[in-house]
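Protein sequences appear in the order of chains A and B. Residue numbering for the first sequence follows the working numbering, beginning at 1 and increasing consecutively. Residue numbering for the second sequence follows the working numbering, beginning at 1001 and increasing consecutively.
Just so you know, these hints were derived from the structure itself, not from any lab. Be a bit skeptical, because a hint or two may be false.
[To be verified] Straight-line C-alpha distance at most 30 Å; calculated DSBU-like pairs for lysine-lysine:
| hint | chain 1 | residue 1 | chain 2 | residue 2 |
| --- | --- | --- | --- | --- |
| 1 | A | Lys68 | B | Lys1041 |
| 2 | A | Lys113 | B | Lys1055 |
| 3 | B | Lys1041 | A | Lys58 |
[As the list claims (entries may be wrong)] Restraint ranges, calculated between C-beta atoms of paired labels, are given here:
| hint | chain 1 | residue 1 | chain 2 | residue 2 | range |
| --- | --- | --- | --- | --- | --- |
| 4 | A | Val29 | B | Gly1016 | 41 to 49 Å |
| 5 | A | Ala53 | B | Asp1027 | 36 to 44 Å |
| 6 | A | Leu116 | B | Lys1055 | 49 to 57 Å |
| 7 | B | Val1003 | A | Ala17 | 43 to 51 Å |
On a predicted model such as this, the values are computed, not experimentally measured, just so you know. From the three backbone atoms N, C-alpha and C, an ideal C-beta is built for every residue, glycine too.
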Amino acid sequence: AQSVTQLGSHVSVSEGALVLLRCNYSSSVPPYLFWYVQYPNQGLQLLLKYTSAATLVKGINGFEAEFKKSETSFHLTKPSAHMSDAAEYFCAVSDRVTGGGNKLTFGTGTQLKVEL
Amino acid sequence: GAVVSQHPSRVICKSGTSVKIECRSLDFQATTMFWYRQFPKQSLMLMATSNEGSKATYEQGVEKDKFLINHASLTLSTLTVASAHPEDSSFYICSAADIHDTGYTFGSGTRLTVV
């Protein structure tokens, strides 16, 4: 069985500060990992994904994440927070990425607040 | 990029009526679609996995007679909430897996309110 743990249900940063959202995973097979962002009353938008290629993954809007097998982590970072980054962020794991239909397992989410 | 269209975005219905939600992959083929339910301030709960041309696979605890899923084509899946009750009020989100690409694309969600 796979699982994802997101540490910190709420994270608050100042505009321009580093953003760090934590995600640890558990998987019996090599995982495929995703970060999604959700704005109020909207669906999820893919920020980035790890598919067993480069361990440092760059995504949209300046976000990146590093896959660390030894730490079973896939933390999301952004060097400088912007007000528009305020949203809910979900980490997710799957044991396959292609359209074979393997389901995603989501973490509980982290609400990011950006303050002036 | 891949786009999934979900309609309606909001629906209010009376208790006892049925509501249909559509999920369409606009520019790719999706052999598999997923339906999620999300409660306020919570994560997404997978309800069922829908495969084109076959019966949906429901997660434990999800009533298949209440949440009817049809995946008649490679681009369309529907979720019908049968005889809706106030406790079915929630945010429902679909996603589709592209058979030729990696990843999952999500619809914009449907806010269902049963009064």
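How the hints compare with the structure:
1. Lys68/A with Lys1041/B: holds (29 Å)
2. Lys113/A with Lys1055/B: At roughly 41 Å apart (the allowed maximum being 30 Å), Lys1055/B and Lys113/A break the hint.
3. Lys1041/B with Lys58/A: holds (27 Å)
4. Val29/A with Gly1016/B: 41 to 49 Å: Check passed, 45 Å falls within 41 to 49 Å.
5. Ala53/A with Asp1027/B: 36 to 44 Å: Check failed, 25 Å falls outside 36 to 44 Å.
6. Leu116/A with Lys1055/B: 49 to 57 Å: The hint (49 to 57 Å, Cβ to Cβ) holds, given that Leu116/A and Lys1055/B are roughly 52 Å apart.
7. Val1003/B with Ala17/A: 43 to 51 Å: With a Cβ separation near 33 Å, Val1003/B and Ala17/A fall outside 43 to 51 Å, so the hint is violated.
Comparing the model with each numbered hint stated earlier shows that hints 2, 5, 7 do not hold.
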